[in-house]
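**Q** Listed below are the residues making up each chain.
Number of protein chains: 2
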Amino acid sequence: MVESELFSLLSKSGFQIPPFHRFALQEPISLDFYPIALKIESPKIVHKSDVGGVAISLSNADEAEAARTRILSRIAEHTITLDSSDGFIATAMIQGEELFAGVVNDPIFGQIILFGKGGVLLELYRDVCYIDIHAGETEILRAIRTTKISKLFEGFRGSKPMMDQIVSFIQTLQRFIKEHPTIRECDLNPVIFNANGLHVVDARIEYHTLTSDTPPTQRLRSNFFDNRHVAVIGASNDPNKVGYAIAHNALSFNGKLSLVNARGGTFEGHRLYCSLTEIEDVIDTAVITIPSCHVIETIEALIPKGAKNIIIVSAGFKEIGDTRSEERLKELAEEYNLNIIGPNCLGYYESTQSLNLTFGSSSINKGSLALIAQSGAVLSSLMDKATQEGIGFSHILSAGNMADMGFADIITMLSADPQCEAISLYAEGIQEGKAFLESLRSCTKPIRVYKAGKSPQARKAAFSHTGNLSGDYPMFRGLLESVGVKMVDSIEALLYARNFENIAVITNAGGPGTIITDVIIERGSKLYTLSKNDLEALDALLPSNWSRNNPIDIIGDARSERFEAALQCVDAMEGVDLIYLLITPQMMTDTLEIVRLLERPWSKPVFPILLGGAMMSEALLFLRSHSKPCFTTLHEAGAFL
Amino acid sequence: MVESELFSLLSKSGFQIPPFHRFALQEPISLDFYPIALKIESPKIVHKSDVGGVAISLSNADEAEAARTRILSRIAEHTITLDSSDGFIATAMIQGEELFAGVVNDPIFGQIILFGKGGVLLELYRDVCYIDIHAGETEILRAIRTTKISKLFEGFRGSKPMMDQIVSFIQTLQRFIKEHPTIRECDLNPVIFNANGLHVVDARIEYHTLTSDTPPTQRLRSNFFDNRHVAVIGASNDPNKVGYAIAHNALSFNGKLSLVNARGGTFEGHRLYCSLTEIEDVIDTAVITIPSCHVIETIEALIPKGAKNIIIVSAGFKEIGDTRSEERLKELAEEYNLNIIGPNCLGYYESTQSLNLTFGSSSINKGSLALIAQSGAVLSSLMDKATQEGIGFSHILSAGNMADMGFADIITMLSADPQCEAISLYAEGIQEGKAFLESLRSCTKPIRVYKAGKSPQARKAAFSHTGNLSGDYPMFRGLLESVGVKMVDSIEALLYARNFENIAVITNAGGPGTIITDVIIERGSKLYTLSKNDLEALDALLPSNWSRNNPIDIIGDARSERFEAALQCVDAMEGVDLIYLLITPQMMTDTLEIVRLLERPWSKPVFPILLGGAMMSEALLFLRSHSKPCFTTLHEAGAFL
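Chain order of the listed sequences is A and B.
Counted from 1, the first sequence has number 1114 at position 590 by my numbering; the numbering is strictly sequential.
Counted from 1, the second sequence has number 1060 at position 536 by my numbering; the numbering is strictly sequential.
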């Protein structure tokens, strides 16, 4: 398609195109708009500039005529013979900010719009955002506002606000792509932005060789979290085996439990069935920990038993190169409408029925947070930390290789489960990005995501570890943020689901108070502003040289009594939603007595930060043994905000 | 100064100016360069655009003449009467990338050059660097390379490398400012960059009302670290008093020690002198912990005793509003060439003579790192942590209010001291930025700096805490990095002086291995690449499914024997300079046995990362009680890189 045809197509699709006119080769150039760019148009010439086929900044008919002659002679020098089907295109030159808009075809997310600053600065600043072609207006706005150039659209330095035009331009592009399913990728580059809107000045379109690759729609699944009769296949009396840990943890289940081991016998007083055929009832849920070579035949045996949910803990599939068995798992899942978790995973936990089918911690606190992780080791570390800090879960799901159930399926199910109030996800590589985005978009619960594999080196490590594509991090982050997900920068932040807006800091030290202020602001949270009443209340309790500002510096000689008074006062302040007790080892600091204050019930979360080493260890041990959260560095304390 | 005069001045000073010509008001415009901008020049018109006094993109004499007539009639409409001293300036319009160069007069650092991307994007991207007007070529280059736009100067997409011209432009600007001492601030905006170099297209200069404000030169001081006879003034038997802690810590001093308390008596078997007059010898160093109202008279009494070095621990000066006493301290210091540290500080430590004059930890390990901190609480926390992790110091200096000795003085002295091999500094507000920069520039030892007060909220907290200006963070960071300082993002990173280039990770977990890879790359360090020999050596020791890549994933079932074998192998690899042992709580992990490996001497630093909670606590306690460093989160483990 030559430029004038492309311009006509874009213009018909609703894009604003600069005035242009096509001339036959020998036709004199005469226009009512200047300055113009004049370019040769011929299917024989792909790179016009290389053959001198372009002239810019032509201010009048004389200059245009001179340019036409010049171009024709230069093309002749390149021994290209033009014919009557060739011609010139004259385009009005438009002044303004150069932007870029394009549609890429990402291997994970499919067709995604890139939009932002264009020209040579596109590469230097990478000031672009990522917008799904199915994104609605809020999502589009959220994405655009992550770019710095978007300040220009909001009415910068008194200029006219143009955000509506920008959003409508993106929507035109979304429509254009959907209405032309044969387009695979397209670049509108540059798009010139000025007070009259956005003008597509140049474009490139790439078509599919295939005419369609519509993604598979998500299967309607039965509820995974409905577990009545659970079978542990591979229960073992050998405490070094995964099958021991799972069977042991499973004993706390409120429903019916059957343990299976080919050798029979008993497990902690419970019968071990030699085979599934010995079990007569319907088994809805099974966890499998036997060697990988027996997994598929076991599932085939489970199907006639009525199994719907299968957790495959066993390793030895895609991660060691066996993709064939995973394909078979997928086929079985589709044919019999199974929900398969794994293989190569740490297991599954569900709180309402005390169902712990993991080989991680056996003492999981009940709570309202669902934790999904693609790495068993990350999951076991977080579970161990959660136990230590008294954090509870509604669900824990180790996704493993995701042969059948992926993040999209899991999030869709968690969205509907009333026990789960917030979702945290640790992801390395993902599949079916569009379905994943849609599940996040539809979920009304707060979601936090940590994505590993930001650097090429880490993506290599992740791929060898899970066999999944890790993808482009900025795109992943941008798309997830635009659907409202909170992307966190540490895995520990996945244990905290609540977003804190107004923070109070009570401290015995000015310097660390300054640092935590920076940390809080950097994380996008705020320090609560003390009201006149608050100041008076604190004045009555504290020495006269306290900071009279938040961080509330109660001075280096503060002992537990003063911390207690300040804490009681701040705990009663309505606007505060989190309190940090920031304690440094001063000569007279009775740190243990201070942290003992946390044994009492406070109306707000109170998180101690113990800044130091040996002098803090007794207090740290106290908090650990009382399952209380505790931080030992200022940056760790801010990481979950 | 009108534009044509300014252009002449800049041109004479070595700047490249576009062709320009001044015309009398009625003179016909005729030039041999086009396109041009035409502007009215009159001292009566400050804002030319506001009165229609500017026309741009004029391509020939006809257009220029038409513009001249148009401008004159618009000015007449504004009822401004021009006379024969007024005229027009015609300037060639230059195409290229808009840059900005300016000299600001910073309250802390004095005259500093700002250079970077200009135009409307200056505000949006803040892609600028900061260059001292005394910076040499290396420093200029380091600064410029922190900008993204600098890629354009290095030969971007096959264009001509132009970095030499950029550096020479900055040097021209430095010379210009030094040769015109009455210039206070100046903006060259825009500067147009293209293949022909940099062209100053517009300029604004602001002059001093005063003709000179040369900064005070640094005083030549006696060596602070030469301490023979030390007096503790305010030694106390009350263990709740600072005077107790300091006197107690001072007892380990190798030189002569005198303890003073107005009430006399003894302190742990040592005589307490009632007054300085009772001491006959020369006292070269004194630490003062008595109430602030007696400090100045005490110093006056110390001067006849020959005191050169005075550490004022006592608080109650500038930080509570008493600037008068601090001025007196400064006067005394200058008159008698004293080195005064403080007031309002935690004290001083020097390793060669075991001189601990702090009221922080009494068990300080000897080492080669000098630690300077402006916050006593940050210092005591870091000292406590250092004791726990077995980190040693050559010097510790609590800077306090810096009435006399500032960072520049301290760094200059540490530069010359052979015990000190690296310097770490915690700074909040600073004074005399030029002297500070010069001390850093002259120091050949590695220096790390943490600067608090990034956000306005934190700057407010810092000011109320120390009474010093905290300044603009990006400028502080930029200037320090350009003199070769490593700016760190956590205070704990101040305890690690060495920069690690090639890191090996031994782990029992793939997911956390992926995350630590991201952390290492983000910090600017590298993962060591395993050679063919390394791979073979590890193949011989590890199960066949190990990662065959660094992070060296030795698989989830690894016990201490496998960790030991891998550690021995990696410790022998020449290119590795740091080893992380990244341990997650898997079912069979014998974490305590693994960390016991650290009791042995290894040729490289080995830092364990214990990722988890309760299951890791025994190993963590072991490491703490053996004064070994240990990290519990991946981001903490990377923070010091």
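Just to be clear, a hint being listed does not mean it is correct.
The list treats identical chains as one, so a pair stands whether inside a single copy or across any two.
Computed list of lysine to any residue pairs in SDA-like fashion (alpha-carbon distance at most 25 Å, straight line) [claimed, not checked]:
no., residue 1, residue 2
1, Lys765, Ala1138
2, Lys984, Gly1099
3, Lys1056, Glu1025
4, Lys672, Gly721
5, Lys675, Tyr649
6, Lys969, Ser849
7, Lys984, Glu824
8, Lys984, Ala1061
9, Lys829, Val575
10, Lys572, Phe544
Bear in mind the hints are in silico, worked out from the structure with no lab data behind them.
Bear in mind the structure is a predicted one, so any value in this text is a computation, not a measurement.
**Q** Against this structure, judge whether each hint is valid.
**A** Hint check:
no., hint, verdict
1, Lys765 with Ala1138, "between (38 Å within a copy, 21 Å between copies)"
2, Lys984 with Gly1099, "between (46 Å within a copy, 21 Å between copies)"
3, Lys1056 with Glu1025, "within (20 Å within a copy, 52 Å between copies)"
4, Lys672 with Gly721, "within (18 Å within a copy, 28 Å between copies)"
5, Lys675 with Tyr649, "both (15 Å within a copy, 11 Å between copies)"
6, Lys969 with Ser849, "neither (35 Å within a copy, 59 Å between copies)"
7, Lys984 with Glu824, "neither (35 Å within a copy, 68 Å between copies)"
8, Lys984 with Ala1061, "between (57 Å within a copy, 22 Å between copies)"
9, Lys829 with Val575, "neither (73 Å within a copy, 89 Å between copies)"
10, Lys572 with Phe544, "within (17 Å within a copy, 35 Å between copies)"
Consistency note: the structure conflicts with the earlier hints numbered 6, 7 and 9.
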